[in-house]
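Participant: Hey, can you work out the whole structure from these sequences and the hints?
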Amino acid sequence: MAFQLSPLGCSKRVTARKHLHVYWQSPGYPKRYPLNISCTLELFYPKKFTNGVIHVTFQTPSRIYAKNDTVCWGDRLVIAERPKFANRQV
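If you use this note's numbering, the sequence shown corresponds to residues 65 to 154, in order.
One thing to keep in mind: the hints can contain errors.
Simulated pairs of lysine to aspartate or glutamate, DMTMM-like, Cα-Cα distance not exceeding 25 Å [claimed, not checked]:
#, residue 1, residue 2
1, LYS82, GLU106
2, LYS76, GLU106
3, LYS95, GLU106
It should be emphasised that the hints constitute simulated quantities derived from the structure, not laboratory data.
Facilitator: Structure, rendered in structure tokens:
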């Protein structure tokens with residue numbers, strides 16, 4: 065199953081299941097983000113999954129900017145084991 069998110073609903077919570085594919089893009093792509101927007105994609109694994117793999121692919125020319133980049137310093141990819149670590153940068 066695939067999800068395509070719109071600018072008005074750019075945050076999404078997804079519970080993993082076998083063969084799930086999630087397609088997610090920046091709001092308004094390829095134009096600039098709207099001002100003061102924050103979008104989050106959260107992926108949850110059910111307890112019955114003892115292990116799993118998350119594969120993240122960025123479509124060219126997209127990229128996650130470095131924190132000191134003057135273009136868009138707020139973009140980041142965060143991978144956390146538990147919700148309490150969700151704001152920690154990896």
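Participant: For the pair supplied as a hint, LYS95 and GLU106, confirm whether the alpha-carbon distance does not exceed 25 Å.
Facilitator: 24 Å, holds
Participant: Is LYS76 within 25 Å of GLU106, Cα to Cα?
Facilitator: 6 Å, holds
Participant: Quick one, are LYS82 and GLU106 close enough, alpha carbons at most 25 Å?
Facilitator: Judged against 25 Å, a Cα distance of about 17 Å means the pair holds.
In the structure shown, no violation is registered for any of the earlier numbered hints.
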